[in-house]
Amino acid sequence: MSGKKLPGSRFFLFTALCLIIALSCSTYTPAQSGGGYLRGLITDSTSGEALAYASVVVKEISTGAYSDSKGYFLITSLPVGKPLTLVVSYMGYNTRKLNIRLEKGKMTHLDIKLAPSSLLLPVIEKTEKRIAEENATDISLQRITIKELELMPKGVETDIFRSLQYMPGVRSTGDVSARYYIRGGASNQNLVMINGATIYNPFHAFGLFSIIDPEMVNNIEFYKGGFTAEYGGRVSSVMNIFTKDGNKNNYSTKVGISYLSAKALAEGPIPYGSFIVTGRKSYSSDVYKKFLNNKSIPLDFYDLSFKVNYANPEFVEGSKITFQGLLSDDRLMNNDPTKADLKWSNGIFGFKWFQISDSPLFFEMSFSVSNFMGEVIPNFSTSRSKKNEVRDVNMRMDCNYVYDSKDQLGVGLNIINLNTKLFLENLSGTVTDIGSHGTNFSVYAKYKYLRFKNLGIDLGTRINLTGLSVNGGKFFNEPRLSFTYRFIPQLALKGACGIFQQEVTTLSDESEVISLFEPWVIIPEYLEPTNSTHYILGLEANLTEDLSLETEGYYKYIKNFPAINEKKVFESDKDLVSGSGEAYGVEYLLKYKFLDFFFMGSYSMGWTYKTVEGWRYYPKYDSRHSVNLTLEWNMGKDWQASIIWVYSSGLPFTKLTGYYDKLDAEEYFNNLNMLTPYQPFLLLGDKNLGRLPDYHRLDLSLSKKFSIAFANFYVDVSVINAYDRKNIFYFERDTGKRVNMLPFLPTATLKLEI
Amino acid sequence: MKKILFGILLCSSALVVTGCREDSFSPKGEYKEKYVLTCILRSDTTVQTAILSRSYNVPGYDPLENRTDPAIENADIRLWVGDSVYVMKGGEVPRGDTSRYNSPLKYYYASNVKLYSFRETEILAVLPNGRKLHARTIVPKPVSLDISGTEEIIPPSGRDYVVASWLPNSDPRTFYYPSFSISYFRLENGIPVRYVKKLPVKYVLSGGKYVPVYASPTNESACIIEMDAIRRTLQEISAGDPEKRNYVILSVTAAIMTMDENLSAYYSASKILDNGYSVKLDQTDFTNIEGGLGIFASFANTRFSIRLDKDYIKSFGYKTRLGDE
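First to last, the sequence lines map onto chains A and U.
Taking the numbering used here, the leading residue of the first sequence gets 355, the next gets one more, and so forth.
Taking the numbering used here, the leading residue of the second sequence gets 2, the next gets one more, and so forth.
Bear in mind the hints are in silico, worked out from the structure with no lab data behind them.
Do not rely on the hints blindly, as some may be mistaken.
Listed below are the simulated EDC-like cross-link pairs for lysine to aspartate or glutamate, each with C-alpha atoms no more than 16 Å apart in a straight line [as the list claims (entries may be wrong)]:
| id | chain 1 | residue 1 | chain 2 | residue 2 |
| --- | --- | --- | --- | --- |
| 1 | U | Lys115 | U | Asp84 |
| 2 | U | Lys133 | U | Asp77 |
| 3 | U | Lys29 | A | Asp1088 |
| 4 | U | Lys29 | A | Glu1086 |
| 5 | A | Lys617 | A | Glu1107 |
| 6 | U | Lys90 | U | Glu74 |
| 7 | U | Lys29 | A | Asp1040 |
| 8 | A | Lys921 | U | Asp286 |
| 9 | A | Lys922 | U | Asp84 |
Where chain U lies over chain A, by a calculated footprint (3+ residues, C-beta under 8 Å) [unchecked claim]:
| id | stretch |
| --- | --- |
| 10 | 671-684 |
| 11 | 1034-1046 |
Every value quoted in this text rests on a predicted model; they were computed, and no experiment measured them.
C-beta atoms are modelled at their ideal positions from N, C-alpha and C, and glycine is treated no differently.
Excised from the complex, chain A in its bound form:
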């Protein structure tokens, strides 16, 4: 099926079918069915904030659902006319039981408020949780909630991207970068979105931290692979970050300070809605020295996020309209004109309209504009001028309809207009633009087969009607499948497979361990778009009420990925060449709760290969083994402690095999004497055949919440690399100097909430 072009008639037939189904669903009302319908919105009772992924179970018939990322759930075909008990539970909140009675053919809507409990650990009603998720097609999908975010170790700066690195299958190349690599995919093959809007460069300070303030985040959906048909545009992973709506009940402010930045948050109600705004600003660059080999970096950054939502039933009943924005700016400005200056920024604005109705249908339409700009200003250094501008205008519509049988139909369309500009100065000082623009019009349809309690199938496809790139195949079909089969309540087999296409790339030099400028471009006309195939199979075992084990095996094949042309010499030479890659491995995740402790251990073993210009090698993020162990302890009285130990086997590097005396071209041109200007030059072995020593690190964290009068104080003290492990970052080839990663580093963050 890969890359197969559907004949026009078949395609239009398919589209027509989808439209007919979608239209018929939208006009379908519960009155036509025999059962009752229950829809609800689960929120925090104190703030009104939506609670995503809460479990909802109708006890009498042992059926249930999860709330989605907006806090909504929908259950169909419920018994009518008799009392039912609804059990709603969520980690960190008191479980709530509600007595309900449904009427035939009528949609019953509940606004369910859960009160926070003093228990922070993941204790929810296990039975309800299992019922709610028994046929969920969620292999390789990680959902991270508000409470889980709050429990994350703070470190120098709380960072959701760094926290992801504790998950099996997620690799990093060290402490210095929050960039991540999923199951053998490159970092530019990960889609990062905030409320559906693409973020092109989600990092501050060379990738040290992300631009997303965790205070702003409500929940995260993170697909490590095999993602379903509503997502496209990248071939490795998808992270969709959903931000908070803001406190709907009271005005509140928070201020915080960490080693690196100071930040403030304000939120509160507005008529028919709420708002939230956060801002962070770096105030010290001293901490960079810890990350960057004692190098002083004159770097300054800020980010600002806001979201306003409005749900006026008199305007449009059942609608919710949100506006969001995210601005970030990083500047590395030297006073020395012999050094280059750098700056990069993101500007994202979005609008979303979410609609519910009397029918079991959710509809959402969104429009967003995402701008990215990165620039190298060479001044009088040896750098060359570079400037990258990206403008992504994105419009999408999604419909999800729930049948009486509990099956679901999802259809949608997505239009992306992308304009990339990349101005590069060549050796002659001439500036050329190698950017381009294009429009991707894609539609998707997926059918979730959920009618049996022990079987869930999500079958769909995404069809690209037009491509961003010149070779972006028209009618390129991306079929997707995800399934869950539960043999017994304690054991489920899960799997996913699919074809994925990507038409944008960064010009990233793999031999750079610290990279400052990674411009985005649409894949040029001389290359085919990247596409990949994922196969994932896993088992989920709930061994006891408190002990679960998940295992997943995967195989991923990527073809046509663009790699830097290392043989490029002349302007007429191509910047990129096409490569292929494959990755396979197995991952285990164990969760165990006992007493006031929560333990999570993961192990992954994987192999990653790339083939470029006929040369097969391990990419720089290929680590054979990795282990993450986390132990959280709820000590009571608002004390919380955690220990995290991470291990990964050595990353690849190219060995040094000798030296030779090489003619110094610059010197030669000065005196045209071939006999004198020779300098030692490195001889390197085969690419990435060496391995650095293993990496491991122990982090400790202790948190305490103090309440004084009307204010809450949150203090977090962390020790990074508690036993001062000398983890190697890289080796300076010319001096033989070993550069290590983060040393023993005690840090603290303080947050005040009013």
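Guided by the hints, dock chain U onto chain A, whose structure is given.
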């Protein structure tokens, strides 16, 4: 609970004891000897030289520790120019810099070599151990001055920069390396001694000082020199010397080196575009030597002069001709 806490404490202590040491680790792989041939043919001379050497290793990481001359002697090196074959002979000269090697600098040379533009020239080196190194170059044609695009006289009227322009080669991949200089005499004990002062294309202010910026290789067919650079260079010629009349300024000379494809590539690969913060581990290298490393390339040189206005020279206190009062 106490047992659990004790267990955690024990595990953490074990990690502290065992984990904080630094692994013994060497980034070096197995050393394999390689051979390096370097020969750049000049079309403005009939004597061509080549250097033949081997790679080396050192116990540590400082290659300057190597004190053993890597030169290879007694190799058979031949140049083919069309049907003509030139056998290169071994030679040696004392080293100017003996900080690394004390032995004389060994090289190979061939005399009376006639090069022809656009003709393929080959080199074959047979080492004493039988290994062969082979490469090809096509000698470029020297460029001609673009009279209409180049200033006749400095300073030009109405502009604060000078344009030097040449007629480009037909191959767009050709790189040119323009360099500029000012020729002058200085009277030393009454005897005129000729000097050449390199002329930058501009000066930039860095750290409170003006730093010269020289022309770099380009595939454009013109180069611009700021008048400020010419003025500062003319001032520097006699900096600290109150006797300006001891200097006779002749002209600005432009030398345009036309590189072949190999030399252009070699130069491009050697340019490290460092922004001071990126850390790149693997250096880019270029070689066109089959069976080894190094470079076999060629270039052609063109020189032309641009006159300096006499009044302009005199404004600095200099003379325009020997014998002028």
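For the pair we were handed, Lys29 (chain U) and Asp1040 (chain A), check the Cα-Cα distance against 16 Å. Holds. Lys29 (chain U) to Asp1040 (chain A) sits at ~12 Å (cutoff 16 Å).
Restraint status (C-alpha distance of Lys922 (chain A) to Asp84 (chain U) at most 16 Å): Violated: Lys922 (chain A) and Asp84 (chain U) sit about 33 Å apart, past 16 Å.
For Lys29 (chain U) and Asp1088 (chain A), compute the direct alpha-carbon distance and say whether it is at most 16 Å. holds (12 Å)
Below or equal to 16 Å on CA atoms is what counts here, so check Lys90 (chain U) against Glu74 (chain U). holds (10 Å)
So if I understand the rule, the pair passes when the alpha-carbon distance is 16 Å or less; does Lys133 (chain U) with Asp77 (chain U) pass? Holds, because 9 Å separates the two Cα atoms, which is no more than 16 Å.
Would you mind confirming whether the straight-line C-alpha gap from Lys115 (chain U) to Asp84 (chain U) stays at or under 16 Å? holds (11 Å)
Please work out if Lys921 (chain A) and Asp286 (chain U) have their alpha carbons no farther apart than 16 Å. With a Cα-Cα distance of about 9 Å, the restraint between Lys921 (chain A) and Asp286 (chain U) holds, given a limit of 16 Å.
Under the criterion that the straight-line Cα-Cα distance not exceed 16 Å, is the pair Lys29 (chain U), Glu1086 (chain A) satisfied? holds (12 Å)
Under the criterion that the straight-line Cα-Cα distance not exceed 16 Å, is the pair Lys617 (chain A), Glu1107 (chain A) satisfied? Holds, at roughly 12 Å.
Chain U over the stretch 1034-1046 of chain A, status - at least 3 residues with CB closer than 8 Å: holds (count 10)
Taking beta carbons only, do three or more residues of the stretch 671-684 of chain A come closer than 8 Å to chain U? violated (count 0)
In summary, the structure is inconsistent with hints 9 and 10 from the numbered list given earlier, while agreeing with the others.
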